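Asker: Heads up: the first sequence runs through residues 3 to 276, numbered per this note's numbering.
Be aware that a few hints might be false.
Claimed, not checked - Distance ranges between label pairs, derived from CB positions:
| no. | residue 1 | residue 2 | range |
| --- | --- | --- | --- |
| 1 | Met243 | Pro122 | 19 to 29 Å |
| 2 | Ala193 | Ser91 | 22 to 32 Å |
| 3 | Arg239 | Gly145 | 38 to 48 Å |
As the list claims (entries may be wrong) - Result set (BS3-like, lysine-lysine): computed pairs, CA atoms no more than 27 Å apart in a straight line:
| no. | residue 1 | residue 2 |
| --- | --- | --- |
| 4 | Lys45 | Lys97 |
| 5 | Lys85 | Lys4 |
| 6 | Lys125 | Lys179 |
| 7 | Lys4 | Lys83 |
| 8 | Lys125 | Lys45 |
| 9 | Lys146 | Lys156 |
Please keep in mind that the hints were generated in silico from the structure rather than gathered at the bench.
Given the structure is predicted, the values throughout are model-derived calculations rather than measurements.
Glycine included, each C-beta is placed from N, C-alpha and C at the ideal position.
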Amino acid sequence: MKIRIEDDFDLGKIADSGQCFRFNESGDGYSVLSLDKHLFIKKLEADEYELDCSKDDFERFWKGYFDLDLSYRDIRGRIDKEKDSYLYSASEFGKGIRILRQDPWEMLISFIISQRKNIPAIKASIEKLCERAGEAIGEDENGKLLYSFPTPEKLAGLSLDELSACSLGYRDKYVMKAARDVAAGSVDLMAYKELGDDELMERLLELFGVGVKVANCEILFGYHRLDAFPRDVWINRVLEMHYPQGFMFDRYAPYNGIMQQYLFFYSRSLGSNM
DNA sequence: AGGCAGGTTCTTA
DNA sequence: TAAGAACCTGCC
3 MKIRIEDDFD LGKIADSGQC FRFNESGDGY SVLSLDKHLF IKKLEADEYE LDCSKDDFER
63 FWKGYFDLDL SYRDIRGRID KEKDSYLYSA SEFGKGIRIL RQDPWEMLIS FIISQRKNIP
123 AIKASIEKLC ERAGEAIGED ENGKLLYSFP TPEKLAGLSL DELSACSLGY RDKYVMKAAR
183 DVAAGSVDLM AYKELGDDEL MERLLELFGV GVKVANCEIL FGYHRLDAFP RDVWINRVLE
243 MHYPQGFMFD RYAPYNGIMQ QYLFFYSRSL GSNM
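Kindly produce the complete structure, drawing on both the sequences and the hints.
Answerer: See below:
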């Protein structure tokens, strides 16, 4: 089907924004995997996009996945060029990034894996995990098989050695524990959706291998709570160098997470010495 | 060849 | 409570 998107929307920037690890350039478009769903999307002319899904699939899933009901342009408009010139530059640079509505389970495992890894390494680990424990759900244009993200049960069924074979390193134990807890039902990620922000954070921090940074990524990308503001090495560097008197969290609430994405994308593109 | 990559846990004081 | 070390692995 074909759709028109008038708001900020840049597939390349989203793919490279570090929030998703199974969203890749493929041929003349992008291949997007979320849990057990796959989409091929490509840009046509101007604001037109071609999606290889039904109108029903789009309305029921992908529209929400891309967060198309929220105007990122309006949110960007809150940034004052004079009062916050650094964020303004970052937002101009990152214009087109959106916060995808991803699955809490997939995000939890993905961000547990992410610690002290660079993005290519994270992607490689997740791909191995999907090939090993996911289901074949189709193939891309080149005939390469596509796999779903493993269910908690499937992942919980793997041995520590099998997990380790996915280049998880010392994180293998974290993934195993999380998978077993979720599979057993002692951790109910879906029920966590109902929790208030503070309690959600508390529950997530109870998980082995989940600290404040990973928990914030889970809250922002897995639970789509757009005010969460994950602080990683890049963001900390930005805050130190450009916000010695503090970032204006009050001004941008409840969308600080979107601002975080602009800052992250901008600083990372500039390299370590901004 | 040693350091470091989107951190967290464990140990020590 | 707070700093410092240790941790897998792969890639400069």
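Asker: Decide, hint by hint, whether the structure agrees.
Answerer: Do the hints match the structure? See the list:
no., hint, result
1, Met243 with Pro122: 19 to 29 Å, "holds, 26 Å"
2, Ala193 with Ser91: 22 to 32 Å, "violated, 41 Å"
3, Arg239 with Gly145: 38 to 48 Å, "holds, 42 Å"
4, Lys45 with Lys97, "holds, 16 Å"
5, Lys85 with Lys4, "violated, 40 Å"
6, Lys125 with Lys179, "holds, 21 Å"
7, Lys4 with Lys83, "violated, 35 Å"
8, Lys125 with Lys45, "holds, 24 Å"
9, Lys146 with Lys156, "holds, 22 Å"
When the structure is compared with the earlier hints, violations turn up for hints 2, 5, 7 and for no others.
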